[in-house]
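Residues per chain are reported as follows:
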Amino acid sequence: MAQPMRTVLLGLNSPGYRSLALGYLRAYAEADSALAGRCAFETLDLDTSVDPWWAAWRVLGLEPDVLGISVTCWNARAVYEVCRIVGSVRPECAIVLGGPEVGPAAEDVLAAHPEVSAVVRGEGEVTFAGLLAELARGGKAWRVDGLALRRGDEIVSTPDRALVADLDSLPSPYLTGLLQPLDGGAYLETYRGCPHRCAYCFEGKGYGKIRSFSDARVAAEIEAVATAPGVKSFSFIDPVFNLTDGRLRKFADWMAPHVARGLRLHTIEVDIERVDDEAAALLREAGVASVETGPQTIGAAALAACDRPFDAMKFAAGVRALRAHGISCECDLIVGLPGDSAYDFLAGLRFCFDLDPGKVQSSTLHVLPGTGLWERALELGLEFDREPPHEVIATPDVSFRDLRRAEVMASSLQSIYRARV
Amino acid sequence: MIEFVDISLGDGPQVQCGRCAGSPERAAFRSGAEVVEEAGAACKGWSRGTGPNIRLTGAEPFTHQELPRIVAGVMEAGCRRLAIDTDAVALRSAQNAHGALSAGVRHIRVTFLAGTEGVHDALAGMPGIFDSTREGVAAYRATADAAQLPVSITVAVPVCRHNLRDLPSAVGAAVEAGADRVEMSVTDGGIDLAAAVPWIVAACDTGVVNGVWVEVGGVPFCMLAGYDMHLADAVRGRDGSKPPVCTLCPLDGVCGGAPVGASADQLALLAPPPFAAKLAPQIARARAQEVC
Ligand code: SF4
Ligand code: SF4
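For the protein sequence lines, the chains are A and B, in the order given. Counting in this note's numbering, the first sequence runs from 1 upward without gaps. Counting in this note's numbering, the second sequence runs from 1 upward without gaps.
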């Protein structure tokens, strides 16, 4: 019998985390009957502190036939370095990339990185498994929808693949035991898509309308993660945790037994303008210790350019409600949004500090592939680094030097803010 | 943006340019009760955003016999950020550093007159003080890190005619000492501002490229074209010297002008800059944002 195709999934994650995306890919592929006995999987969950040469060393030690890597703007440079090394040492290995950094610019990625064989566009689970099945049987990968790949000397894109209609058809990496929950580093996904369409973000645009996992699936995953040995806290990656009050009520019920024995949820993303006293109480009941939220900017022009709603009164009321229930809030701001001057950013900082939310964090705009800002960069006059992580260099409203000054000034102010009793 | 109310502990010798200030005065402290009462009133009536935040200034706090009682009193009054102006010499002792941190002192501000011990000590008239201060700052930071307590270290760099050329190296020394922020302030009314500006901007750039913010005070916007952000927060509520033409300048409401005591010749150099009309509303917006 032929040897199964050795498939290595490489994650270059933030330290302390494991890749949920790779967990989904593997769980789906392992459950795919077309791959049964034909494919052997190994997941290498490394973090971005690992030198790409050593990551390549680990990969090559597994002698893969296929290497799949999930790419974000944060790990892309390291990923490309790994690809170059693996491609040089083991040219027969098919390197397949996927993720928000490469999917929206798939053909460009293939053109720029000759060692990469294919790029998955959009949701990866079904497409990746389909590609593996074709590769395992020596078939024609260009028959698989949702890919960009090489066909002879050409780079071609196959038709788009529809989003997965029933998310429960994707096996859970936690429930299948593929992903061991880490204390503080485990995170769950209960739906895909986002009700908002912020122009700097891929989530709302790329994944369209909201599709949810079933209540039964979510409850089972919570139970699995919350009762895993050593787990005292975990998180959800849902873009808006407080989509509806009814949903919050369910989470409070699901979490209740675990909260009673001290388990906490951290850095939950909320739409803070929807948080009133009742919602804050439910979040507390659900064990939420800290949330993360905008406003990203309070400048009218930038809000308009980014399609973001903002109501200062409601925002402030949300922070107050959370504080009243002992929930720490991280307010995030972005410097370099189109329409914002450096002083608009400072006004945003001041707004956040004055609310005294617990933590104020700022980051520089990343003009990410597939986002509205990426598409409108020329029209908006955004100068940004074409190489990942695509940081903004200058805008019509802020010079290169003032952007750097704003970053340094913000970090100094954050240190003053943090130093308190 | 994050404001502190300064409360004086009294008068006494400080790290300052001896050539400008003359010989150091003898310490004359206010009573602990008086200081605590003033701090308590400031905390009670706090309406300046996140806080209350108090900075104990004036004489060296570690020579005030009632310092522990004062710190305890200020914290009891509800202070969230307590800062002290200090030469940090006492903080070289791990016991003092630990004591200060556990009592609630999470901010210190030390003064560098220059970037080298030779110039700093000579200007301060205090041999050995530069190294001692740096050792104290390092011990404070190390003790805080060990206890996982967030602290903030500010280096004040007073600018006078005697240390102009040392400003970039003073900021460099602040960076090396682990400062989070530098407050550079022109206090010498007799300084030639035009000659000072190139050194001030070089000092600002030294800070920025090393990731440490340099806030500038005592320089008007019209003399610091392209570096306005360094003035953005500093001049809030500060009234320096201004010529009559300032009343025609859109930046008048947000600009602190030249240092107090600036000569007529200095003031004659000031004029509304071409960028004033665009900048003024932006700065006003950044400063006036209020909590809802
Ligand atoms: S930034 Fe957040 S709210 Fe906006 S589209 Fe992205 S995920 Fe949704
Ligand atoms: S002219 Fe304008 S910028 Fe210059 S000192 Fe007067 S108010 Fe300030």
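Keep in mind that the hints were calculated from the coordinates and are not lab data. No residue lacks a Cβ here, since even glycine has one placed at the ideal position from N, Cα and C. Certain hints may be false.
[Said to hold, decoys possible] Listing some non-contacts, in silico: residues in chain A with all C-beta distances to chain B over 10 Å:
(1) Pro4
(2) Arg161
(3) Pro309
(4) Ala342
(5) Ala347
(6) Arg350
(7) Tyr417
[To be verified] Heads up, incomplete: computed chain B residues facing chain A, CB under 8 Å, no partners named:
(8) Met1
(9) Ile2
(10) Val5
(11) Ser8
(12) Met75
(13) Arg80
(14) Arg81
(15) Pro150
(16) Arg181
(17) Ala195
(18) Trp199
(19) Ala286
[To be verified] Straight-line alpha carbon distances no greater than 20 Å define the calculated SDA-like cross-link-like pairs of lysine to any residue that follow:
(20) Lys140/A with Pro171/A
(21) Lys44/B with Arg161/A
(22) Lys44/B with Lys140/A
(23) Lys278/B with Gly339/A
(24) Lys44/B with Ala28/B
Mind listing which of the numbered hints don't hold for this structure, in increasing order? 4, 5, 6, 7, 10, 11, 17, 18, 20, 21, 22, 24
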